[in-house]
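*Asks:* The residues making up each chain are set out below.
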Amino acid sequence: MIGARVIRGLVVLGIGGPILAGLAVTLAAAFGWLPAIGAREPGLDPWRQAMALPGVATSLRLTLVTGFGAAAASLALALALGLWTARHPGVLRWLSPLLAVPHAALAIGLAFLIAPSGWIARGLSGPLGWTQPPDLATVGDPWGFALILGLMMKEVPFLLLVIVAALSRVPVAAQMAAGRALGYGAGAVWAKVIVPQLYPLIRLPVFVVLAFSMSVVDMALILGPSHPPTLAVAILRGFSAPDPAMILPASALAMLQAGIVAGGVASWWLAERALAVAGRLWLRRGGRGGAGPVWAIAAVGGGTGLVLAVGSLSVLAIWSLAWRWRFPQALPESWSLRIWAAPGQGWGGDALVTLGLGLVAAALALALAIAWLEAEDRLGRRTPLAALVALPLLVPQIAFLHGVNVAFLRAGLPPGFAAVVWAHLLFVFPYVLLALAGPWRALDAGLIRSAASLGAGPARRLAGVKLPILLRPILTAAAIGFAVSVAQYLPTLFLGGGRVVTLTTEAVALSSASDRRVAAVYAVLQGALPLLAFGAAITLPALVQRNRAGLTGGLIR
Amino acid sequence: MTLILQDVTVTAPGASAPLFAPLSLTVPPGVVAAVMGPSGVGKSTLLDLIGGHLGRGFRATGRVTLDGRDLLPLPAEARRVGVLFQDAHLFPHLSVGDNLAFGLSAQVRGRTARRAAVEQALDRAGLSGMARRDPATLSGGQRARAALMRTLLARPRAILLDEPFSRLDAALRAEIRAFVLDHIRAEAIPALLVTHDPEDARAAAGPIVPL
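Heads up: the sequence lines are chains X and U, in that order.
Here the first sequence stands for residues 1 to 557, numbered as in this note's numbering.
Here the second sequence stands for residues 1001 to 1211, numbered as in this note's numbering.
Simulated from the structure, these hints should not be mistaken for laboratory data.
Beta carbons: idealized from backbone N, C-alpha and C, even for Gly.
Please note that the accuracy of each hint is not assured.
Per the computed footprint, the stretches of chain X lying under chain U, defined by three or more beta-carbons under 8 Å from a beta-carbon of chain U, are [what the hints assert, rightly or not]:
#	region
1	90 to 98
2	446 to 455
3	465 to 479
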């Protein structure tokens, strides 16, 4: 039993420790204390410097507009699409590629699609007679619409998945029947009865989406405006400026970023209250119809999103195979495998590093998650996961990762592979634990009791019963962890110290370079690795356990 | 080999009064005692207590001994008390034969001897040649017989039966009940059956205790 407690203590320290240490270091630096660069005069100077930076007010506005805009639009569209998705759960299978493809890859695809010289403009150039790309800032627009669009392409599928999972806890069919018997249309029952019950179940994921939208860095680098950029990107520039003194104002802005996210979540929560009151008044009026426009918006929004998603992924594949593709042409004039055939020129090594990081981080996270859940079983007590899982997902990465780097250095862990693995674990572990906890806790307790009554001790129950029965969810959780690791940008950048280059860091760097073909190869690889992992997670158990109907019937969800 | 309960009570988490009045019972080897009562009275909880499967927060008083060994301080796997649940609980990832092999006592050594023991148990259960079958393909009666064999192969010193026949349809019920009770009596170990069906209690042919 002591072992179980030790494991849980280690996990909490290993995940929570670096985050708190990183926040503390950044907070101290924000007030002028960072001995590593010789700053030893506490005061408000970093704040004054930060506020005097050019464009900081615009950055702030951009962060608020894109953050709230993307989260609210994603939630609205996901809720509008929720009923239809719940009735066609097969759709979710087609959404999973979008969930697996890293943000950076999707953002590059979207940029190649909607840029003035992008695929859409090339398609329109024929009928409209364009010979030059139109003079329109469709990517990096000063309002951040492209960034909002990119965020929505990842967030709507994520929220849809969360909504459909939560719907299993609401008696939708019965309430729908009761509502319609009272003369309400399906849309009205959905909006007035189901959504209010659903929302509390998805509140935490919605907050995660909001926090992410306000603090995203890689997508903002690719799709957001650059002069001035969003706050998170401005902070990154400060941390990586040639002059180390810039770290102090950057730290002040990083704390501001954390405060904005906290304030954003708080105001969202207040808006929820207000909407709930308004919704109750609306319900009491007893109107029966009126949800028609919602379906229209959902259909248009969902359709547009689908077209953009398919277009983004396709244009990536095409660019990675293109050789000559001048502007007005709708398709490349010549094709080539030249970049694919030369892994030695860069992508081969970067792919291996990405693969290695992902495998090590996913394996460690899986071992920790299994140890955590098994410790729970042995202690006979469940731990509320929300706090542990929420911390790394709600606190903006940019607010603590630089501080983690400083703290690691002081503790004797230099930037490099090991430090990057640890930093990835901070984000991989919560997702792996979350993915595995449901199936693990849902495992039929009778099977475990039967094993015990047959004389099997805890070790044999774990290795002989739990792990093999849970093989499929275990591998799925590992694949999720792998995908999360592949997608990491800031942790690799900050903790790698320039020595660890992955597909993601390189893809982001290449996205602003002139050669779209190389960037496309990186983005395709970036998307392909997680898809392969998910493929393996589905295929392997099907092969190993092909004659076991009890496993395919009960445990797949 | 005798199972003895002395003034046993169990209190549910948060409750102030025990689920049932103090219960004392002696079950000699080869005897199947029956505990009768309506559902919700704590019959399964009593078996959980004896088998070592009590949930967290339950409080128990009294003593349970088997062959003079005090059971309550021991973990479930060290008690050598077999349990047949309402569900057969065959492990879905193992073949029928491997389910039995999982149960088979480790004292049977050697691959050939262990395989022979499993084959023999399958024969006794009318499941000859089904060692490699997926448990999900068995009928309800076959599953119940396989579960009994798995339990007996572990060489328990007592067996608890938690309404193991209640999920079977009427035609199958009498047949499986006779099969299970005959095999348990043949093992000459004490058994405790909880049920709300008077048929079951009568067939057990041992002392009947109302709860």
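*Asks:* Tell me if chain U covers the region 446 to 455 of chain X under the three-residue, 8 Å CB rule, please?
*Replies:* holds (count 9)
*Asks:* Counting residues of the region 465 to 479 of chain X that have a beta-carbon nearer than 8 Å to any beta-carbon of chain U, does the count reach 3?
*Replies:* Three-residue rule met by the region 465 to 479 of chain X, so holds; n is 4.
*Asks:* Given that the region 90 to 98 of chain X was listed as covered by chain U, double-check it with a C-beta distance under 8 Å for 3 or more residues.
*Replies:* With 0 residues in contact (Cβ-Cβ under 8 Å with chain U), the coverage given for the region 90 to 98 of chain X is violated.
In this structure, only the earlier hint numbered 1 is contradicted, and the remaining ones agree with it.
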